[in-house]
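Chemist: One letter stands for each residue in the lines below.
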Amino acid sequence: MPDLVLKGKVIKLGDNISTDDIIPGRFAHLRSNLPELAKHVLEDTAPEFASRARTLSVGEGKAVLVAGKNLGLGSSREHAPVVIKMSGIGAILAKSAARIFFRNAINQGLPVLLCDTDEIGDGDELEINVTGGKIVDLTSGVALNCNKMPPIMSAILEEGGLIPYIQKHKDFKL
Amino acid sequence: MSVGKTLAEKILSLKSHGEAKAGEVVIADVDLAFVQDTTGPLTIRQFKESGFEALAKPQQAIIFLDHAAPSPTQQLSNDHILLRRFAEETGCRIYEVGDGICHQLVAENFANPGDIIVGADSHTVTAGALGAFATGLGSSDVAVALALGRTWLRVPESFLIELNGVFPRGVYAKDLILYLIGQIGADGATYKALEFGGAALAQMTMLERLTIANMAVEAGAKVGLFPGDKITQGFLTEHGRGDNYQPLYPDAEANYEQVIPVNLDQLEPMLSLPHAVDNVRSVARVKGVKIQQAFIGTCTNGRLEDLAVVAEILKGKKRHPATRLLIAPASRQVLIRAMKEGYIQSLVKAGATILPPGCAACLGLHQGVLGDSEVCISTANRNFKGRMGNPEAMIYLASPATAAASAIRGEITDPREVT
Chain A
952 MPDLVLKGKV
962 IKLGDNISTD
972 DIIPGRFAHL
982 RSNLPELAKH
992 VLEDTAPEFA
1002 SRARTLSVGE
1012 GKAVLVAGKN
1022 LGLGSSREHA
1032 PVVIKMSGIG
1042 AILAKSAARI
1052 FFRNAINQGL
1062 PVLLCDTDEI
1072 GDGDELEINV
1082 TGGKIVDLTS
1092 GVALNCNKMP
1102 PIMSAILEEG
1112 GLIPYIQKHK
1122 DFKL
Chain B
-7 MSVGKTLAEK
3 ILSLKSHGEA
13 KAGEVVIADV
23 DLAFVQDTTG
33 PLTIRQFKES
43 GFEALAKPQQ
53 AIIFLDHAAP
63 SPTQQLSNDH
73 ILLRRFAEET
83 GCRIYEVGDG
93 ICHQLVAENF
103 ANPGDIIVGA
113 DSHTVTAGAL
123 GAFATGLGSS
133 DVAVALALGR
143 TWLRVPESFL
153 IELNGVFPRG
163 VYAKDLILYL
173 IGQIGADGAT
183 YKALEFGGAA
193 LAQMTMLERL
203 TIANMAVEAG
213 AKVGLFPGDK
223 ITQGFLTEHG
233 RGDNYQPLYP
243 DAEANYEQVI
253 PVNLDQLEPM
263 LSLPHAVDNV
273 RSVARVKGVK
283 IQQAFIGTCT
293 NGRLEDLAVV
303 AEILKGKKRH
313 PATRLLIAPA
323 SRQVLIRAMK
333 EGYIQSLVKA
343 GATILPPGCA
353 ACLGLHQGVL
363 GDSEVCISTA
373 NRNFKGRMGN
383 PEAMIYLASP
393 ATAAASAIRG
403 EITDPREVT
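Listed in order, the protein sequences are those of chains A and B.
For the working numbering, count along the first sequence from 1 and bump the result up by 951.
Every letter in the second sequence is one number past the one before it in the working numbering, and letter 201, counting from 1, is 193.
Note that these hints are calculated values from the structure, not bench results.
Note that the coordinates shown come from a computational prediction; the quantities given were computed from them, not determined experimentally.
We treat Cβ as the ideally placed atom computed from N, Cα and C, and that holds for glycine.
Where hints are given, some of them may not hold.
Claimed, not checked - Some, not all, of what chain A presents toward chain B, calculated at C-beta under 8 Å:
1) 952
2) 956
3) 957
4) 976
5) 1026
6) 1061
7) 1099
8) 1105
9) 1106
10) 1109
11) 1110
12) 1120
Could you put the whole structure together from the sequences, leaning on the hints where they help?
Modeler: Here's what the structure looks like:
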């Protein structure tokens, strides 16, 4: 299988973006209506996020969400990566990510790569080799290496998420 | 290199039928899988999309209607209909509106030492108090666990939290876990197991353990584990499942990534300040902040002993006229026992509003949403911006005693000043 590579422009956020920031609990009544729910992505914390993500993800292009440490702390709501993906984000980079959010994003087929994101600027264009864990910031020329994820997570990501993985394999394969 | 096993390694070895060492990935049998009403609908959709029809273990699968209980909107009422239908179709268990919070009901009725419990709720870690490897997962993972009866888990490295001494007057398990999260940081234990040990455990009640394990996730941890000991046995016996007890201890030569000693004698009442759980200070340094609402309850602190402490502080007193006092027992059983003990009578006389057993005001859906610039002291586990339904509001996390004392004065108050 060829390496999964994508290019996109950066929307940069800070540290400790919680799942309550990403999709606040007060919108729980919209969780069975994902297009409506997605309209509220990050609306308290980064009100410009949804429109920027939409502008940057035209055609094949996807925006890249770049965050600081402990991205996605808090609730287990898988709706958080779901609405980020629906808003046009093709990959997430962070210094660190809370474990349930990390696992949920991979299960939704949304790559999360961990690296030193201080080197990446807002609006930069990135080339991300998800399979190899390599990032090149095409704007600054900086190259970054990412932490490897466990092989089972790479396999789930390659299939496009946990549901397609299970549809194909019927069980977990180590 | 030591050869002994941590609690996490012991349980995951047993449930993966092999030798589980920290850092490895295993496929483990799941003893209990559950969802609640805000994560359950997506779980059901993912379950059906995967092509599954039947549950691996219907009697070990549970739906809890606790987050929107009773439902405040049409949409959430319709989600409840979907969940009830799924329970009928598959034969899984369901706990209705008013029965209580998922984590409290799991502790009262299901969790045992050595179990693996996965829930589509981050505070699933609560059952670690009983020696269960209990961890939160998302909707897709729980959908697959419901169908297969197993899941994959990375065996976590463990931190040993070594507890010695006794709590001074006015200091509780909540103060300990807030202090600890302040020390470790909100991401200091990400992907790790927190394992609690030390001489203080011999006196530490199950209620205290549940409060502590509940908040392990607020330091990023995957699980917060207590051993299975005499206190576990007593709790299981009291709840009619003493036969499920098995002693469960880490090996003496187990390998810990860190050892963090805490002397309970030196603790004082603590708070988490807005908007981060690890933004921890002593109450003494923050007292005097005016509050418009005090909320006592949740999977962290809505248990009988919590209500006993609050009733004792409020007995014969009144809430401050400018402070609303909301109290939600964690389960129907807690409510019944609190009525029998006379706690509810004392609380209502003191001006409290009693909410139905459930998550109540904790996550901003209903039953105590804050107004702009309002300040709430809460016994819950999260104070993120917007958590209680309003990003303009401020939430301080505290013990039930600190919340009760603060409700009397209308400002953040050290409980040692009113008892």
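Chemist: Taking the hints in turn, state whether each one holds.
Modeler: Consistency of the hints with the structure:
no. : hint : verdict
1   : 952  : 21 Å, violated
2   : 956  : 25 Å, violated
3   : 957  : 22 Å, violated
4   : 976  : 4 Å, holds
5   : 1026 : 5 Å, holds
6   : 1061 : 12 Å, violated
7   : 1099 : 12 Å, violated
8   : 1105 : 11 Å, violated
9   : 1106 : 10 Å, violated
10  : 1109 : 15 Å, violated
11  : 1110 : 12 Å, violated
12  : 1120 : 11 Å, violated
Comparing the model with each earlier hint shows violations of hints 1, 2, 3, 6, 7, 8, 9, 10, 11, 12; every other hint is respected.
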